[in-house]
Structures are given as C-alpha cells and as structure tokens.
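**Student:** Chain by chain, the residues run as shown.
There are 2 protein chains.
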Amino acid sequence: MRPLTTADLNPAILKVQYAVRGELAIKAEELREKLQSESHGLPFKKVISSNIGNPQQKGLDQPFLTFTRQVAALMEYPPLAEIVKDKWPQDVLDRAKELQEDIGSIGAYSHSKGVPLIRKHVAKFIEERDGYPSDPEDIFLTAGASAGVSLILNVLITPNQTGILIPIPQYPLYTATLAQFSGVALPYHLSESEGWSTSLEEIKAALAKAKQDSVMPRAIVVINPGNPTGAILDKTTMCNLVRLCEEHSLVLLADEVYQANLHRPDTHPFHSFKQVVRELNSPIPLFSFHSISKGVKGECGRRGGYFECTNISDEVRALLYKMASVTLCPPLSGQIGVDCLVRPPRPNEPSYALWKKETDTIHEALRHRTQLMAQRLNSLPGVSCVDSPGALYLYPKLELPDKAVEEAQKLGKSPDTLYALQLLEETGICVVPGSGFGQKDGEHHYRLTCLCPGVEEYVSALENFHLKFLKKYGGL
Amino acid sequence: MRPLTTADLNPAILKVQYAVRGELAIKAEELREKLQSESHGLPFKKVISSNIGNPQQKGLDQPFLTFTRQVAALMEYPPLAEIVKDKWPQDVLDRAKELQEDIGSIGAYSHSKGVPLIRKHVAKFIEERDGYPSDPEDIFLTAGASAGVSLILNVLITPNQTGILIPIPQYPLYTATLAQFSGVALPYHLSESEGWSTSLEEIKAALAKAKQDSVMPRAIVVINPGNPTGAILDKTTMCNLVRLCEEHSLVLLADEVYQANLHRPDTHPFHSFKQVVRELNSPIPLFSFHSISKGVKGECGRRGGYFECTNISDEVRALLYKMASVTLCPPLSGQIGVDCLVRPPRPNEPSYALWKKETDTIHEALRHRTQLMAQRLNSLPGVSCVDSPGALYLYPKLELPDKAVEEAQKLGKSPDTLYALQLLEETGICVVPGSGFGQKDGEHHYRLTCLCPGVEEYVSALENFHLKFLKKYGGL
Ligand SMILES: Cc1ncc(COP(=O)(O)O)c(C=O)c1O
Ligand SMILES: Cc1ncc(COP(=O)(O)O)c(C=O)c1O
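Chains as they are written, first to last, in my numbering: chain A, 1 to 476; chain B, 1001 to 1476.
None of the hints are false.
Straight line, CA to CA, 30 Å or less: simulated BS3-like cross-link-like pairs of lysine-lysine:
hint, chain 1, residue 1, chain 2, residue 2
1, B, K1045, B, K1397
2, B, K1322, A, K34
3, B, K1397, A, K322
Covered stretches of chain B (in silico footprint by chain A; criterion: 3 or more residues with CB under 8 Å from a CB of chain A, positions within the stretch not fixed):
hint, region
4, 1093-1106
5, 1245-1259
6, 1312-1322
7, 1326-1332
Derived by calculation from the structure, the hints in this document are not laboratory data. Beta carbons: idealized from backbone N, C-alpha and C, even for Gly.
Please work from the sequences and hints to get the whole structure.
**Tutor:** This is the structure:
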C-alpha cells in the first residue's frame, strides 16, 4: 500500500491559492490559541481578524438585525408562535407564517433553484431596484455568492482553453476557482491613481494578449463595488463595458455583493449591470451575484445568496438547474435570509422602526470607520490609500524601505507578507497582504476590513506599528 | 454578439446526469402545478414525491425532532432564552448557551472546517461508536454529505486519467460528480440475487478492465447501507474490501449517511469502515461521510454533514482545508444540526423522554413501511424486490412485457422510464427509473422511498397501476 501523497492528486488543486484564509489567518489562529495561556508573553490582548469581511464574528460583534432572526427562529420551531404572539411584532409573525405555509418544514430539501416563492420575491426586489422586469425562473438561490460563482465558472470553463478576464486586484475566490477548474486567468489592472477605476484600455490589452496566446476569452468578471478596492463604477464606464462585451462576445459576471455598502451614495451611487444591460437593450449574457453576507445584514454563516441570469437561453438555464440539483439545494436558513434581505419591513409595519435604527447605525459606523481609517493611514509616511466609497475594505499601498524588501526576499516571502506578519505578531491585527489579491510588480499593499468596533485604538495600533517598522528597516 | 449556447460550455458539464431530480421530477412539478386548477382532470388528488429521500417534505411530513429545533431557534435569536426559560427543558437551554458562548453569532463565517467545538463532539461520537480514537483535526464539517463527496472527488481526480470504482446501482451523485470532474467511472455490479451484496470478484474484474483501458484506479466508493439497494455490508466483506484497497493502493470513500437507518439491527448491524480499518490496523486512506439529512433526523434542508479522514497525511489534509476555505464555511444551521446529531439528549436529561419517543416512532414507521411495501410488491406478477434491511428505499425489479419494451424504444425512452412516467400520470406517485442508478443491460428497476405516511393506500395504488400496465401491454 502506497500512502496518498499530494503528487497523486489533481494537479489543478495544488495550484489553488486563497490568501484570505491563508498563512496569516492560520498564524492568527495559533496566536489566539496562545493567548489562552496566562504566560503567553504576547504584546497584545486579543487577535483582531481584519483579514475577512465577517462582520458578526467574535470581537467585531456587529449585531444581527432583529427582524431576520425572529423570523428565522419561528421557522426553526413553528410552535414558538404561540409563545411569542403577544411579544413579537405582528409582521414578524405574519412573515414566518406566510413562508411556512408555502415552504412547509425548513428541514426538507427545497427546489434546487431555491423556494419558488422566495425567488418571486427576489425578482420583485430586482424590478423595484432597476425599473425593469425580472423573471423568477432566472433566479437561482445559492449557498452564498461563492457557490454561485463557482457553479457559473465551472460551467463556462472548458479546462485549459477558456480565458476569464479578472480585475487585479481581485477577491481571490476568482483566481482560486479559475485554478480549480483550469481556466486561464486574463488579468486586467485597475487604476489606483484614479481611485481604482476600471480602464477599457487595460481590458483591451488583456484581450489582445489572450489572442496572441491563443486563449479563448469567454467572460469578464467585474466586482462592483470592488473588493479589495471599494471602488464603485460610474454609469458611463458600465455602458462601455457592456459594449465591449457585445463586441467580443463576452459573458459578464457581475459580482454585486456589496451593492448596499455605499458610504457616499450621493456622489457614488450603485447601478446594477442588469439595469444598464436593459437600458442599452443589450443582448449580452449576464450573471449577477448577490449575497446576504455583506450589506448591513452580514449574515455570512447562513450561506445565502442568489444569482440572476439575463439573456441566458432556456437550454443553458436547464443545464444550470441540472448542476444545482446534484448538490440538492441551498441551505434553507440562507434562503430565509434572502427573503428577509429582499423584503425588509416597510415603513408602515411594526418592525420598521427598529429595523431602520439598526441598519442606520451599522451604515453610519461603517462610513465613519472607513473615512477615519483612510484619513489616518494617508497621514502616515510611505502609505497612500484610496478612501473607499463602498464595500467593507481599505487597500493601502506601502512604500517599503529597501532593507525590508531585502529581508523579505531572504525569507522567501513577499515584502507585504513580511509586513503583515510583523503587524500580526506585534498588534494582534490580522490583515491580508496585497499579494493575495494581486498588484503590479514591485508594489506592496495590504487589505484590511473596516469592521473593528474600537476604531480609535485600532488605528493607533496600526500607526505605531507602521512607524516602528519603518524605523527598524531604516525608512525613517 | 453571439448568444451563449451549450456548445460554448464545458463539455464535461453536458455529460452530467442526475435522475433523482430529472425528467420524472420535472414532470411531477408540472402535475403539481396543474392540480391547483379546479378542472385539472387528473385521476389523482396529490403528487407524492417518492423520488427523493426527503422525509420532511410536504405531503410526507415526517416530524422534526423537538430537541434539535429548540436548540436551533435559540441559536437564531439568543434573547429568546429569557422568554422560554420556564417553558423549554433545561438541557435545551444549556446546549444553546454552551454552543453560543463558544461560537458567538451563527451569522459569522466559522472556521472553514467547521466550528472546532462541534468537530470535537463529532470525534467523540465516532470514538464511542467505534471504540477507536478520532482526532477533531481529521473532521471536516460540510454542507451535507454531497459537498464532502464533491470536494474529495475533485481533489482525487486528475481529469481524464483517474478511475473511480463505483457500485452499480449507485446514488447518482457519484456518476454526476465523476462526469463533472472528468473522472473515469469504473462500475462494479452488486449482486441482486444475494440481496445486493458486494462481490470482490466484480471489483477485481473492474480493476482488470481498467488496466486494459490504461485507466489509473485511484479510489473505490462504497455506500453502506446502500442507496438505492438498502443492503448492509457484513464485516467479512468489509475486511476483504479493506485488504483489496491495500493490495491495489485504493482510497476508500465510505458513504455511511444511512448508518442509523437499520430495520433489523439484530441480524443486519452497521459497522463503520473506520472501525474495520482500525481493527485490521490497515494503512488505507479512508474518507467516511455522514449527514444530518437521513437517519431519523431527516434535516435535509439545513445542509449539514461531515467527513472523517483516516490515514490521511497532514499535507493532504492541508490541501483539503485550503479548498474548503475557498467557499468560506459550511452553513452554521447545518453545523448546529451536526452537534445535535452527535450529542442527542442522554437518558438522565429532561429532553430525553420526548426525543426517545420521537425517534422510536420514526424508526418503527420506516421499518413497518419498508417491510409491508416489499412484501406486497413481491406478491405482484413480474415484480421482485429485495426486502431492504437499511436506508430509506426499495429497488424493485420489473419483468416488463415485450410490447412495453417496444413502445419505450419507439419513444426513445428506457422501458423503466416509460413505466415510471405512466405511474406518475395515473397515480401521482413519482419514482426514479432504474436507468438513473444503473442496472444490467436488459433489466428494469425503479427506486421508491419508504416515506409515505398512508402506506396502505399508497401500496394499493402501486398494485393497481402495475396490474393495469401489464394488461395494457399484454403481460397478463
Ligand atoms: C467580492 C465578493 N464576492 C463574493 C463573496 C462571497 O461571499 P458569500 O459566499 O459569503 O456570499 C465575497 C466575500 O467576501 C466577496 O468579497
Ligand atoms: C448515498 C447518499 N449519499 C449522500 C447523499 C447526500 O445527502 P446530503 O447532501 O443531503 O447529506 C444522499 C442523499 O440522498 C445519499 O443517498
């Protein structure tokens, strides 16, 4: 009997990289473990996971929305309605009753595309958002946006032949899933100096390169609002992107999971690609992804989300349904979460006031923290940082002293990994090095989330560390 | 702009088949829709979904276990504890509190392998079941067993090279996932005349054929108790299988999701492969799958399960962790479900009496229905049926009249599909034709679940239809 080694395994899997939960996150776990012992000797009291957009995790503790959770509790245990009927708002009770009568038990597999009634509600939400019709048959509920992205890429990619345009920097789900399914990544760089804007020229250059390399470009990924950049596309750029897809017969994958995370909606509003495609009356195939993990809900652990198909034939949709059915159905707790996302309490309903207060508070906290952190980071020597108008992140750029770069090279690490590791070891703050998202050669970044509650103390720790780091390597 | 057609897509995806939710299931949905109208003209009042092991679905209505759902409701909305503290059993409140203090909010992504505390509980459950140690680090919680199987096959299969031995008949997750990842299916037939037993000779023949075809066999799938067969492996066969894996350096994939569905445990007990591997002190790499969807819990909609790695190196485990992290984490509602599966109430606890009554009732109903249905089907002309000692299904064999076979050929359908379609149209009972699970050439089967509550009426409908069908095609 030979033991199983990685050499026996699918070589595509060996190439997959996912930095959000990579070296830094594993190290952070070790430190968290170490902090349990009295004599840990570490220079901080807690580890702060700024490596992942996970608002409700321990230590960040963004509160859940009461409405969602009360509905969910009733779905879990319907006899509870009797007990809470005079204690919980009537719209909560009504919502749970309506869903239950339609769905039956949440312990049953649902339709593989998700509960038909909830898909109807999603379609209605999209119609109200965009002002264009949406067909529930075009909606697939998923176990988070991740599962939807994985399904679509798996279906679009013929191994070792299909090229997919991805932004750099990007959320590493995309490079990881491309590696998994042996797709060819066709990177296009976002323009940091213009607030991480998307440049058509960069995309055209990537297409030209694909042609040279005999790679067949099939699709383009756009993340809007961006992760890790927080950038928001303006409508003109969106129109140009759609036209470019028409010209090159590209499928558009629109990752819109941060559509509700807008810090300056007056100057930086969100438009969906579905709306733009309809406005232009464009025939491009479009898959649009949304999630309950982000926004102000932050219900990451439920694993809920959906994608909408636009300009996708019945034949292709049937194939997607077949693939969805192999894993049976998305989790019902996620599906209930989607229903609450797309049908929040309305102003005349008893849950509204509380819901409004809760969501306003979270929006305001995110806005405040993002702005404060961007401002303070920008005042540091050797740091520049686009003040994100959206999403949950900042992606500061670092000018690192030569000595730090040399030391990193000696250790066989990227310089931003060296920086992030030392930041973690000295402050307990866990961020992700820019190499995990992609950047131009010779550049250094890191991504941090804007989710930490004690933002003043947090930023001070970042500042102190940075100055110490520069000093250590002769950069001050 | 060319529209997107199936010809543009990954050709592997086009080959995927998944009959459990295929033609019959889609037809059943249409009929269910049609029944809504007053003048439907159909000869039945409701559609009964016997195509899928989904105990809690509408119409089957297997009740949930109170303990699980009360814990889940408290996890959804922790302030509920105040409201129900004098109404719900203390062990329910304690369990929820313990989980919550450890996990924090179930709205947060957990560790990608699942909550560490729950993995500890799984390991303890396995230790008590098998009498051998289990390491929480070897446990991966998953979104149902399906997600685990998919992950392992994706990692094991090098496209177009790797052969995987699968039983025929099999649960179509396996053929579907093999097609998706371009694995080469190496079928081995189970022996119907010996109660669907597993024959080493059949496996050796499949291995010899693989050698001829220059396919590299990497792993063998064993489903125990079987789906669709309900067969349970005896220990001697299990030992022989492990020895065969040693000899041929095969990874063993043990699908044990029906381990708690035992209708005659005295004569047909369940042994885990983990136990056998440890007893034999065997070095074979083993992945064992379990789920909360089956047993008496039937919590399909939560999407919970786990797999255990045995004799898997740290290096390979790290790679599995990396892949698990790309989709972030399994749904927390499924993870909570796993905790309740592996830590049910104990005899001295306040929830125990009710839990015992609920689980006994479900076990008894499954046992009774399976036996009654097998007996009645076996009395029909042209039907023979192994009386399953386990799982949730029967897989009767049909001798169909020549005329029926000819008509099916004319329609371009398999004869058992013709049979199943007419059964659905005349009785509303939806089953899956044997062609969806695999059978020998020229044989005809169908699979039905033993989940219908009004079993007498249900069996009568099956009987009446069968006799009518035989008459129609000159077989009586
Ligand atoms: C851009 C982007 N897309 C998709 C996801 C996936 O989120 P989920 O699978 O939880 O919906 C994330 C998560 O961080 C993300 O940042
Ligand atoms: C043999 C077998 N394995 C795995 C599964 C997957 O179940 P789940 O993904 O719900 O855990 C099933 C479901 O019917 C099954 O029958």
